[in-house]
Amino acid sequence: MPLTSGTTFTLRAGLLAAMLCQAGLASAQTIDEASLRQLDTRLEAIQPKMVAWRRDIHRHPELSGQEVRTAALVADHLRALGLEVRTGVGGHGVVGLLKGGRPGKVVALRADMDALPVAEITGLPFASGVTQMHMGSESPVMHACGHDGHTAMLMGVAEVLAGMREQIPGTVKFIFQPSEEGTSVPPEPGTSWGAKAMVEDGALDNPKPDVAFALHIIPNMPSGMIGYRSGPLFASGDTVRIRISGKQTHGGFPWNGVDPIVVSAQVITGLQTIVSRQLNISKEPAVLSIGQINGGNRENIVPESVEMVGTLRAFDEAMRNDAKERITRTAESIAAASGASAEVSFGPSTYPVTANPEALTEMLAPVLKKVSGGKAMQTSRFMASEDFSEFQKVVPGMYVILGAAPEGKTPATAAPNHSPAFDFDEGAMPTGAKALAAMTLEYLATP
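Residues 1 to 447, numbered by my numbering, are exactly what the sequence shown covers, in order.
Derived by calculation from the structure, the hints in this document are not laboratory data.
This structure is a prediction, so every number in the text was calculated from the model and none was measured.
The reader is advised that the hints may include incorrect statements.
Quick list of in silico lysine to any residue cross-link-like pairs, SDA-like style, CA-CA up to 25 Å [said to hold, decoys possible]:
hint, residue 1, residue 2
1, Lys-369, Gln-47
2, Lys-375, Ser-230
3, Lys-324, Gly-310
4, Lys-105, Lys-49
5, Lys-49, Thr-122
6, Lys-208, Ser-192
7, Lys-324, Ala-265
8, Lys-105, Met-164
9, Lys-393, Lys-409
10, Lys-369, Thr-446
11, Lys-196, Glu-44
12, Lys-49, Lys-99
13, Lys-375, Val-85
14, Lys-99, Ser-192
15, Lys-324, Ile-290
16, Lys-247, Lys-196
17, Lys-369, Ser-230
18, Lys-324, Ser-305
19, Lys-324, Asn-294
20, Lys-370, Gly-100
21, Lys-369, Thr-410
22, Lys-247, Gly-257
23, Lys-283, Thr-361
24, Lys-324, Val-344
25, Lys-375, Gly-347
26, Lys-409, Thr-122
27, Lys-105, Gly-231
28, Lys-208, Leu-81
29, Lys-324, Pro-285
30, Lys-375, Asn-294
31, Lys-375, Thr-413
32, Lys-196, Gly-347
33, Lys-99, Ala-162
34, Lys-196, Lys-49
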């Protein structure tokens with residue numbers, strides 16, 4: 001039977017549920033108050049360190065694939081804690097292994113390290129003044145998505161859990177990932193980066209985790225609030241590339257050629273009907289946007305070709321694949337009707353849906369409520385994408401959101417992720433670190 005729009009996720013969820021049962025997750029417990037108090041005490045002691053790490057990383061941001069300094073900072077810290085450390089994993093990735101005092105299961109914790117080609121306008125005393133090469137041009141660089149905070153929090157979790165290693169029944173694998181935002185150089189065909197490259201380079205091997213956890217800072221939620229949900233949380237993300245080829249001619253005699261600019265306009269209009277008229281968005285939403293058009297170099301010359309680049313977002317893998325087929329068919333058919341041709345491709349960025357297994361979410365929701373003082377809630381889905389989904393293809397994974405509206409701002413007025421004015425409340429970092437540590441201890445303690 002062909003897969004329907006909802007079948008793919010149903011099958012995937014069933015497989016993950018089976019994996020969780022095999023891992024011994026038959027029933028849930030909640031972390032005890034003594035352990036929570038110990039985490040509070042330890043995190044309070046290292047909060048100044050987390051702030052210092054965050055500000056140091058923020059002042060010295062590095063683009064995707066160029067995270068040399070950040071990776072060295074992380075690796076040195078993990079070695080100082082006595083962890084087994086592997087560097088150069090999938091690029092500049094760092095993997096640290098903490099073996100507890102007793103045997104048990106394995107939990108992986110992941111943080112991303114890369115920054116964005118954004119010119120910072122925050123005015124912070126530790127604001128970035130860095131520039132690096134991005135796609136062949138010198139570009140300002142900024143941590144405009146909170147990865148500096150993610151890295152600082154996971155460094156803090158590593159220090160806290162290393163101090164409790166004799167109490168830990170199992171192993172914790174700390175994964176510091178490069179290139180979550182993509183690449184800063186045009187990739188060679190078939191080249192992987194980010195989470196996918198780390199997986200291919202053995203980040204989840206020797207030992208293989210039973211589960212993986214991660215979180216993301218969002219300033220457009222109240223500070224200290226934790227958002228979670230089972231099922232799709234972050235959308236898939238596919239770069240859409242369309243090249244329309246026509247026939248160049250004089251602008252005064254368009255009938256002697258085939259105008260790819262007019263065809264491109266018709267294609268863009270036609271593409272809008274894929275989501276609005278062809279996909280069943282009563283089941284799951286989807287977004288298709290064209291964000292870049294390049295073609296022509298003079299007002300009186302009909303060019304030979306036009307290139308368009310956009311993004312496709314979906315929360316269902318079957319719908320995602322269906323949309324790709326419709327994009328290709330729509331572009332090719334409209335171009336052919338005018339005597340032009342369309343070449344459609346997807347990538348190099350292609351991120352799967354980030355989805356949390358229901359059983360794992362139900363198990364850990366009480367823990368998230370405890371560590372946040374009752375400020376954990378089921379959140380809506382996000383049309384952004386996240387390559388933590390590549391880890392979830394290998395092991396069950398739980399991804400959560402940490403609210404961090406900066407002081408003096410409300411969630412509505414805070415600059416969003418990827419904004420040049422992006423900032424977050426550093427006071428939320430202990431809550432995020434506590435969530436990761438408590439989720440880890442809870443899972444490892446579950447029979």
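Earlier hints that do not hold, by number:
4, 9, 11, 13, 14, 16, 25, 30, 34
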